[in-house]
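Heads up: the sequence lines are chains P and H, in that order.
Under the numbering used here, think of the first position of the first sequence as 1, with each following residue one higher.
Under the numbering used here, think of the first position of the second sequence as 1, with each following residue one higher.
No wet-lab data here; the hints were simulated from the structure.
Backbone N, C-alpha and C define an ideal beta-carbon position, used for all residues, glycine too.
Check the hints yourself; a few may be wrong.
[Unchecked claim] So the derived list for chain H, only partly shown, Cβ under 8 Å to chain P, looks like this:
1) 45
2) 57
3) 58
4) 83
5) 118
6) 123
7) 126
8) 201
9) 203
10) 206
11) 207
12) 209
13) 214
14) 246
15) 320
16) 324
[Claimed, not checked] Straight-line alpha carbon distances no greater than 25 Å define the calculated DSS-like cross-link-like pairs of lysine-lysine that follow:
17) 224(H) x 90(P)
18) 95(H) x 49(P)
19) 200(H) x 49(P)
20) 23(P) x 217(H)
21) 95(H) x 205(H)
22) 180(H) x 4(H)
23) 185(H) x 315(H)
24) 185(H) x 31(P)
25) 189(H) x 5(P)
26) 4(H) x 89(H)
27) 200(H) x 43(P)
28) 23(P) x 43(P)
29) 40(H) x 83(P)
30) 180(H) x 43(P)
31) 23(P) x 224(H)
32) 189(H) x 49(P)
33) 23(P) x 317(H)
34) 49(P) x 83(P)
35) 2(P) x 200(H)
36) 83(P) x 4(H)
37) 49(P) x 317(H)
38) 27(P) x 189(H)
39) 27(P) x 95(H)
40) 185(H) x 5(P)
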Amino acid sequence: MKEVKVEVIGTEPPCMRCQATRKAVEKAAVKLKQAGVMVNIEKANIMSKEVVQKYGVLVSPAVAINNTVKIMGRVPSPEEVEKLIMEEAK
Amino acid sequence: MEEKTKGAIRAGVILAFVAVVIGLLIYSRIVAYSMAPQSKPIDLRPLPLWEIPIVYLIDYFSHGTICLLFAFTVAGLIYEFVPKEAITKYMGSSKAVGYALALGMAPFLTVCSCTMVPLFGGVLYAGAGIGPAITFLLMAPAANILTILLTGEMISWEVAGIRIIASATTALVAGIIISKTPWGKAVEKEHQIANAASAKVEIVKPPLDERLWAALKFAGYLAKQILPFFIIGLIAVSYVEAFLPEDIVGTYLTGVTGILIASVLGGPLYTPTLVEVVLGKAMWDLGMSKGALLSWLMGQPYDVANAMAVSRIAKWKVVLTYMFIAWAGSVAFGLLYGVLSGSL
C-alpha cells in the first residue's frame, strides 16, 4: 500500500476556509483508501516557525502533498485533491 | 476532447455573467443612476420607529445591489487570479521589494480578514522584517478592493482615490519608523528565522472554468460573511440618519475638531467592513466636512480587534506605535484634504 503525506496548512484556530479544505482532503482520503492509497493527513499551523521555515510565506489555506505545496489561498474540491494525490502516489 | 468543450462552455457562461455585472454598472453610470440611498433625514424623521430601517434598507438595496454585486464579483475574481506566489516568493528578498509588495498586494490578498494576520506573521518570520510586515498590516484593511469599490461608488471616486494614496503613505511611513525603533528591532530579531525553504512550492493551476467558478464561489463566501453585519450596520445607519441632528454634526464633525473627533471615533468604534462607508456617507449628508470624512474612513487599521490579534505576535509597544502613527496619518491627511478641497 502506498503512503502519501498531506499537510493542511491553515490558521490556528482554524478559519472557515481552512476547515473546508480539511474536509475536502478527508473526503479524498476516504476514496483513495479504497483505491489502495494510504493518506496521512497532518494539520500544520501557518503561523508556526516550522512551517515558515519549511515553506516560506504562504496564503492560507494551503495543501502540501509529500512536502510540496500544491494548493494555496483557495479551497480545493475533493476530486482535485484526489487527482493530485493519485499523481503523487504513482 | 468532450471534457474540454464542456470546460470551455462553463467558462463562457461564467464570463458572460461577469460581463453582465460589469455591463450593469457601466449602464447605471451612463444613465447617471445613483448607487447610494436617496433617503434624506427629512423623509425618515416622521416615520414610526420600526419603519425607519425598513424604508432605509429598501432604499439602499434598490440602489446599491448592483454596486454590491459588482464589488463582490470583482473581489472574488481578483483574489482568484492575483499571482499569490509572487508575494510568497519575493517577500523575503529585500526591504524595498518587501515594501513595494506589501503596498501593491495587500489590497488584493486580504478581502478575507482571516488571511491578514497569518500573512503578517509569515512576512515577519520569513525575513522581510518588521517594516514591510507592518506596512502590509496597515494597508490591507485600509484599502482593500471591496472597501475602495464601495467608497468610490457610494461616496465619490475622488475620496476613494485619496483614501488609497493616504493609506499607502501612512502605512509606508509606519513601517519605516517602526523598523527603526529599538522595540521594533527587538521583535524582528526575536522572530527572524533562517529561511532555508527546504521544501518546494509548486502551485497547481486548475483549468480556467474551475478557476472562474472558484472565484464566484469565493465571492459568494465573502457576501455570506459580510452581508449579515452589513445589514445590521445599515439599520444602525438609518437611525443615525434620522435622529442625529444636523447642528451636532455641523458643530462637532467639521473643522479641526471634526477631524480629531472623526479620527478617534473611526478606530475603536469597531465598525464591520463596509459599514464605515455607509455610515460615513450618512454623516457626510448630515454635514460632516470632507476632511473629517477622510479621517473617519482611514480609522480602520487601528481598531481594537485587529490590534489584539497582532499583539499576540508583536509586542504591545509595536502595536501602540503603529496605532499612533496610523491615527496621526489619518489626522494629517484629513487636515490636508480638508484644506485643499476647501471643506474643512
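Results for each hint:
{"no.": "1", "hint": "45", "in the structure": "violated (41 Å)"}
{"no.": "2", "hint": "57", "in the structure": "violated (26 Å)"}
{"no.": "3", "hint": "58", "in the structure": "violated (30 Å)"}
{"no.": "4", "hint": "83", "in the structure": "violated (10 Å)"}
{"no.": "5", "hint": "118", "in the structure": "holds (5 Å)"}
{"no.": "6", "hint": "123", "in the structure": "holds (6 Å)"}
{"no.": "7", "hint": "126", "in the structure": "holds (5 Å)"}
{"no.": "8", "hint": "201", "in the structure": "holds (4 Å)"}
{"no.": "9", "hint": "203", "in the structure": "holds (6 Å)"}
{"no.": "10", "hint": "206", "in the structure": "holds (6 Å)"}
{"no.": "11", "hint": "207", "in the structure": "violated (10 Å)"}
{"no.": "12", "hint": "209", "in the structure": "violated (12 Å)"}
{"no.": "13", "hint": "214", "in the structure": "holds (6 Å)"}
{"no.": "14", "hint": "246", "in the structure": "violated (42 Å)"}
{"no.": "15", "hint": "320", "in the structure": "violated (22 Å)"}
{"no.": "16", "hint": "324", "in the structure": "violated (25 Å)"}
{"no.": "17", "hint": "224(H) x 90(P)", "in the structure": "violated (40 Å)"}
{"no.": "18", "hint": "95(H) x 49(P)", "in the structure": "holds (20 Å)"}
{"no.": "19", "hint": "200(H) x 49(P)", "in the structure": "holds (16 Å)"}
{"no.": "20", "hint": "23(P) x 217(H)", "in the structure": "holds (17 Å)"}
{"no.": "21", "hint": "95(H) x 205(H)", "in the structure": "violated (29 Å)"}
{"no.": "22", "hint": "180(H) x 4(H)", "in the structure": "violated (55 Å)"}
{"no.": "23", "hint": "185(H) x 315(H)", "in the structure": "holds (11 Å)"}
{"no.": "24", "hint": "185(H) x 31(P)", "in the structure": "violated (50 Å)"}
{"no.": "25", "hint": "189(H) x 5(P)", "in the structure": "violated (33 Å)"}
{"no.": "26", "hint": "4(H) x 89(H)", "in the structure": "violated (32 Å)"}
{"no.": "27", "hint": "200(H) x 43(P)", "in the structure": "holds (18 Å)"}
{"no.": "28", "hint": "23(P) x 43(P)", "in the structure": "holds (12 Å)"}
{"no.": "29", "hint": "40(H) x 83(P)", "in the structure": "violated (57 Å)"}
{"no.": "30", "hint": "180(H) x 43(P)", "in the structure": "violated (36 Å)"}
{"no.": "31", "hint": "23(P) x 224(H)", "in the structure": "holds (20 Å)"}
{"no.": "32", "hint": "189(H) x 49(P)", "in the structure": "holds (13 Å)"}
{"no.": "33", "hint": "23(P) x 317(H)", "in the structure": "violated (39 Å)"}
{"no.": "34", "hint": "49(P) x 83(P)", "in the structure": "violated (30 Å)"}
{"no.": "35", "hint": "2(P) x 200(H)", "in the structure": "holds (21 Å)"}
{"no.": "36", "hint": "83(P) x 4(H)", "in the structure": "holds (17 Å)"}
{"no.": "37", "hint": "49(P) x 317(H)", "in the structure": "holds (22 Å)"}
{"no.": "38", "hint": "27(P) x 189(H)", "in the structure": "violated (42 Å)"}
{"no.": "39", "hint": "27(P) x 95(H)", "in the structure": "violated (42 Å)"}
{"no.": "40", "hint": "185(H) x 5(P)", "in the structure": "violated (38 Å)"}
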